[in-house]
Each structure stands twice: as structure tokens, then as C-alpha cells.
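On the provided structure of chain A, position chain B as indicated by the hints.
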Amino acid sequence: MQIAVIINHQQFTLEVQPDDFLVDTLRAQGLYSVRRGCETSSCGLCTVWLNGKPTLSCSLLSFRAAGQHITTIEGLRSEAEEFAQFMAAEGADQCGYCSPGFIMTVLAMKRELVNPTEADMIHYLTGNLCRCTGYQGQLRAVKKYLGV
Amino acid sequence: MKYVGKALPKTDALAISTGKPVYTEDLAPDNALVVKILRSPHAFARIKSIDTTKAHSVKGVECILTYKDVPQVRFTLAGQSYPEPSPYDRLILDQVVRYVGDEVAIIAAADERAANAAMKRIKVEYEVFEPVLEFEQAIGHASVVHPEADLSCNFDIGMDKARNICSSHILAEGDVEQELKKCDIVIEETYYTQAQAPAMMETFRAFTYLDHTGRLVVVSSTQVPFHIKRQVARALELPASQVRVIKPRIGGGFGGKQTGSGEVFTGLVTLKTGKPAFYIYNRSETFSCTTSRHAMRLKVRLGADKEGVIRALDIENLSDTGAYGEHAPTTFAVCGDKTLPLYNKTRAVRYHGHAVYTNKMPAGALRGYGATQGTFALESTVNKLAAKLGMDPAELRLKNLIKEGETSLAFHGNVLGSSALDRCIEKGKELIGWQDKYPRKQLPNGNIRAVGMAVTMQGSGIAGIDTASASVRLNEDGSYCLLIGSTDMGTGSDTMLAQVAAEVLAMPPEKIIVHAADTDISPYDPGSYASSTAYVTGMAVLRAAEDLKKQIITQGARMLEVAPAQVQFDGQQLTAPSGREISIKKLAELLVVGTGNCQLVGNATYGSPISPPPFVAGFVEIELDPGTGKFEIINYVAVVDCGTVLNANLAKIQVEGGIAQGIGMAMYEEVRYDDRGRMKTNNFMQYKIPCRKDVGKITVAFEESYEPTGPFGAKSIGEVVINTPSPAIAQAIYNAVGVSIASLPITPEKVFMGMKGAMIHAKQSDETSG
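Chains as they are written, first to last, in the UniProt record's numbering: chain A, 1 to 148; chain B, 1 to 770.
Please note: incorrect hints may appear among the correct ones.
Calculated lysine-lysine pairs in the DSS-like style (CA-CA distance at most 25 Å, straight line) [to be verified]:
(1) K693(B) x K53(A)
(2) K441(B) x K630(B)
(3) K585(B) x K2(B)
(4) K697(B) x K144(A)
(5) K6(B) x K144(A)
(6) K110(A) x K697(B)
(7) K345(B) x K299(B)
Derived by calculation from the structure, the hints in this document are not laboratory data.
Extracted from the complex, chain A is given alone in its bound form:
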């Protein structure tokens, strides 16, 4: 089946199977920042935005994205790099495998939450697992980025 989607502000017509998940469809388009880390919607690696909201692309059937706006980190390059500098300054990138999904959630949080407390931030970001950092450096980076 064919679907029309807008990926990173660009219109695409894609051929997908009914059981294709969005993560695979996006990777097939060369959007390699989007990764599958589990099969149970638990880890957050595959986080993209669907109409501006963080969404797990591993559990969204591709055809359900038809007609909608998808954003990956490739579409937020300069903003992502700005935050990534804060991560780098803390050494909090480590293996980097969870970083794109994490950054997508951080950038969404920045838009959604007004003056979040530390607990608000931790709650918002909980769905993004990381095995390297113990989360402390990520939190330092987020707080410095948000200037709190």
C-alpha cells in the first residue's frame, strides 16, 4: 500500500506493507538515527515526533502515520546539536546509542513543559532508558540547557 507522509517537513509517498512499523520505514529512507532497541515499547530508542509529540516508532504501524507530520533528529539538526553540546560537556553521551531518542524527548519537553522542576523532568524523560550513564550526566546537561 502507498502512504503519503510528511517527514522532516518534506512530502513523501512511500510503499509500505500493512504490518510495517514506522521505525523500519524511516530507516529504509536512510533516517538511521531511528533505532530499534527492544520489541516491547520499553526503551525509547526509536522515539520520533508524530505531529510534534514524542512517539515510539517501533510500535506505530507505518500506515497509521499516513497524512501526518513525522520529525526525526535529522529534521532538528541545529537544535539537536545545540543540546548535544551540553551532553558532550558532561561526557554524558557515552555510547550514544540512546541519545537521538533521548534528545527527541528532551526537545519535546522543552516545548511542552513550562518551568519544569527536576522531578517533572525526570518524569517526562523516564521512558528513555540508558545503560551507560546512570542518568546523572544527562540530567546535568538538560538542566544547563534549560538554564535551570
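Chain B in isolation, oriented as in the chain A frame:
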């Protein structure tokens, strides 16, 4: 120092954070065959028949391989220096399957759909055997996991395969029974540590292809490219020179990727078909078909005098290596080697026991590598001694711990070159507020706050065995290339090693191009494991840079027409006493272009006869609800002696990450099976790694020592940081509610049942006495 110790960002930080295509999957060729594995549904069985006819008829299927199609050479997946101590006990595919998930058939197809469809059409008939599922019943079990005659070992590892004993070990100094008899106090306890999954974010994956000369190229997310090269060569019966292994960026390893995984499967497919082949382990396979930490049962006897001086230590260990013996003898040895030397007032020590085969997923390497298990057992026992003596556990440590310049019975005759562990303990007490908080405080809401502590050591590389080489090349434009074979799995070791070279060459690290790792290009390195990279590879890099610097000065002196000793080199300019100078850039250019020249390359190889231990003093404050047993971490303080800190930020994150992984092991994580040997914890819903709400606050501090044999005084940091949470948290629980937990993980349920048990016990003794 100008560059060493600085909190420089990782050289790959921006690329990896923003999702650039630098990992294995991103680099796989589009035309690679998709490999899938049919796996055993039985814990122990023999394949009676296997019919692949229908599977072959699926469109797009290129090749299906069974045990009939593989080389009959047993090998080990353990990534260890040759000759590997792990037994050669597996085939790529075997007629006997030894755990649920063991490989039965390899399917390669043009796409995933075809591979999955073909897998469903393979018919297998099994003769099912009684599996060995309880490791405490493995020795002498009626079922023998490895009866095969062609299993072999490079060393006498004490294998007795007829009794399911994979390896045996004994280390004994003095007469431990005699010394225990002489002691005023003897503490005895049996501890159980669970299998833990590495759960790195990037699952296992590898692809292979044949290059233009017909050699097999393996691109793998691995910590051990050179070991994978040798392993693949053995398993596929190729000369090692016909195999090239490339490691791109790695999405975490934690020791898990010190064991080979899919390389032999894709390699075989590529050899059979001539085509590129790619295999990704999904999360479920990563949990249930790779390796985990060895589960252990540790029986500890500790003897001390009335003053609290520890005089005798005896640990009997039983380690569960699962279906294959990857890392079985070595994790077993490390468990004793990296714990017993801590307490050196002993007059006798003994450490002994077996690693046993069972019909479960194999165990393997995981951060801490036996020391983590041993630390839980020994430190919990030392904490018990403190409780029995009514002594502050921190004071008890200071009284008994090995100090700089001292040796220890289980230290193989070595002398401790550096230690700031006493300062780590003092600093940790201060940071947690030990004086005020020990042992517990009742809160107005009924909850209890309590503190606990533990100390630990690890090693830095494998003494006398693991040896790394490094090359530093002066490029024609005056920049440098640093070639290493160690594997930055996210730790930032590439950056940290560039800092080491930069310090020697007085050149900013960003001017040093780091290349790692490709077995055709990189100098030999065992890979990143055993806490070796900063210390072993670090020393190789330091010496290679010094070698190059010497050559630069010699060549500069020649051009300046003075003696080398007269040349000043500040990294940019070489200056003669007359003031005449030549830039490094010009020197480089002159050395590369034209006749009679020679491009300068500094080389060094380093292997250490010792493995200097880094130390951690870990302190934890918990808050516990006595109504439910539920508890959480308020603050975890880790004070670390890793010698000289080479990169302040990266070292700190290593500590924070290791403590969090240790908290996971202490409180949440456990690989579990059902009564048929099927893993119940094969996903993140069932196997819970800490999320950011679960770790509490982690406070890190460093107390530097100076290790005379390390690069700029550095020791390791990667593993030692995972060891303290389990015993420290267990002690905090004890201090809170008087319940001793001797089996991990420490769940609220165990705490609650312990409290209930203690109450019943108290009630019964009341009744008896009343």
C-alpha cells in the same frame, strides 16, 4: 599537566548524539542477506531429524544450514588472549542442543520476511533429555551436558565433564581450618548472586562480506576484534590471515561484547554463498541467547580476633556457567583474586570450588567479572563481623585493609603500588554524613533512613597476559595519527588515549586522529575488557608517543645541525640554542617528501606483570517503609581511587553509570527461568534495568593515588565501580530493620518476608521463654 585530567568532550560526541550513521547496522550493505536463527525450544535434546525441504522452497531463501553443514571444530566464543582458558566446547551448530535458544539452523534470505517464512517451514524432531536446571544439583546429575569426546581445553582447568564440572579452582595460603579454630569470632554465611544481563542498548550484531581478494571481512559490534578474528578463523577453518575484523562505533558492551555472537553465523553464510550476510540479535535473543553474568553460590567463613582483626578467610564458590564454558575458569578465579587481597592481616586464606555446566543460557563476561559476586559475599560478611563486634564498619575496614607498599596472602607475591582507599573511606563518610546517620534514623512518617557501606578492588588489565600495541604516526601535514586496537564502547577511551598522546607530544588532542579498530590496520590489542584500556593500552600509547617524540627530536637536531640534547621541542617548534628553529609541520613535510627520507612512526608494546587494583569506597543512604519493605536510594556516594584521573568528566560518568548498573543488580535485575528452562526475563518488561527514577542521587568523588606503573599514574575505572552497591545496600537494609539479605536482588518482598520472619522468630522465643 596540560591535557591529561582535563574534562574534554568525547571526539565522537556530536556524531553519535545526533544520530549519524556510524554503528554496525548503519554500515551494512543493502544487498546483505538477512540471517535468522532457528533456536531450540528444549533445554536439552538431540536433533533426531531436520527437514529443510519446504523452507528451501520459500522465494528469496539463499541458504539454510544445519549441524550437517558446519565445520567439526569445537571452539569458544570467549574473547580471550590465545591460548584461551575457556574450553573449546561448542560447534557453530551441534546435533545436541543444550539450552532453550541454542542454535538449530541458520537461515539466510534476501529479506526478513522470507527468512522468517522459511524458519517456520523447517521441521525438526527432537529426542528430549532431562535438563540440568538447578546449578546446585549439576555435579553428579544423571544428565551430562557435555558428553562429547572432542571437547578440548588449552590448559588443565580442572574439568570433569562426566560430573558437569566445567572447571575447578583452588587457591590456599596457610592452614585455614587451623586458623579459623584459633579465632575468637567466626562468621559463616552462604550468599547467592544472580545472573545479570548486560542489557546494552545496541543489541548484538555483525555483518560479513568477501573483499576483493576473497578474504572474509567481519564488521561487528564487538569489544574484542582481534579475538573475534582468531575465533572466526578457528570455527570456520580459515587461516587467521584470511579474516579481517572491523569495529565501528559500539552501542555499549559492559563485557557482554567480550564474547562472540553472530560473527560465525554470518561468516559461514558468506563463505557458503559468496554474498554479504547480516545478523541482528533482537532484544529477546540478546537476553536469552547470548550470555549473562555467572550466577554464584558463595559460602564464606571469616575468622577474626576480639579486636576485629581478620585472621582467616575461606570462600567456597559454585559458579553456574550454563550450557557452555565461556569465561568459566577466569571469572571463577577473578572472584577470589579481586576480593581476598583487600584484607591482609590474614594468616590463612582459601578460595576454592567449581564452575558447573547446566542447561541454561551460557554465562560470560560482565563488568566486574566475578569480583562483583565476590565483593557482595565478602563485604557482607565483613559487615556482619562489624555488627557482631558492635564496631563501626568503616573503622573495621581501616583496621584491616591492605595499604600502599604492603602485600597480602592472596596477592600472588605482589606489593600494592598505590592505594588511597583509606582516604576514600574518610571522604565517603563525610559525603554521606556517616557520623550523623549511622546506623539509622526514624522519620516522623514512620519510614526509616539507614546507611550502609562496602569497599572493593578490581584489576587493571590481565597481569602477564594481555598486551597492547600502539603506533603514533607523524603525518605529512604535521598532524598525528594514533593507531590502537582497543575498543571505545562508549567509555570515551579513544578520547582519553588521545589525551595521553597529546600530553607527551605537547599537541592539542584534537590534532591527534585516533583510529580503532580494524585488525588489518590497528596494532594488536586484546580489546577493551578486564579494565585494561587506560592502563595497558594507555601505557602502550604513552610509550609510542615518547618513541615518536625522540625520533622527532633526533630528526630536528639533524636539520638544525645540533646534537639532539640541545633541541627544545614545545610541540610546535624545534629550537636550537642559537635560536634557529623548524616547525613540526615543516619537519613532517621534509621527512615525507623527497629522497632519502623516512616518515616517523612511534611504536610500543606494553604488557604488565602486575594488575594494579583501583579501589572504591561505596556508601549508601536508603529510606525504607517498614510496613511494606519497600525502599529507595536517597544518596549513593562513591569515592574512587583510579590513580590519576585521565579525563575528569569521562571518569565521573564511568562511576555514575557503574553505580547505577550495580544498583540494578542489587535491587531489580535477575535472569529467571521457568521449570522447563525457558527464560522468563527476555525483555525489558520482565527484566527491569533501572530507569531514571530508580537510581536516586549518585555522588562521585575521587581520591587520587599515583600508580607508578600506569600512564601518568593512572589505573583502571570501568569495572570496579559496579561492585559496592549490592553489599552496601544489603547493609543499609540490615541497619534499617535488622534483616540480613544474602541473596540478590534485594527486593522489597525479601525485606518484608525477612521482617515477618524476624517477628515470628521473636514471638516464638517469647513464647518459649514465657
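Has the given pair, K110(A) with K697(B), been kept, meaning a C-alpha gap of at most 25 Å?
23 Å, holds
Given the hint that K585(B) pairs with K2(B), does the C-alpha gap stay at or below 25 Å?
21 Å, holds
Given hint K144(A) paired with K6(B) - CA-CA distance at most 25 Å
20 Å, holds
Compare the distance between the alpha carbons of K345(B) and K299(B) with 25 Å, and conclude whether the hinted pair is satisfied.
21 Å, holds
Checking one constraint from the list: CA of K697(B) to CA of K144(A), max 25 Å. Satisfied?
17 Å, holds
Taken at face value, is the distance from the CA of K53(A) to the CA of K693(B) at most 25 Å?
At roughly 22 Å apart (the allowed maximum being 25 Å), K53(A) and K693(B) satisfy the hint.
Need the status of pair K441(B), K630(B): alpha-carbon distance at most 25 Å?
16 Å, holds
Comparing the model with each earlier hint shows no violations; every hint is respected.
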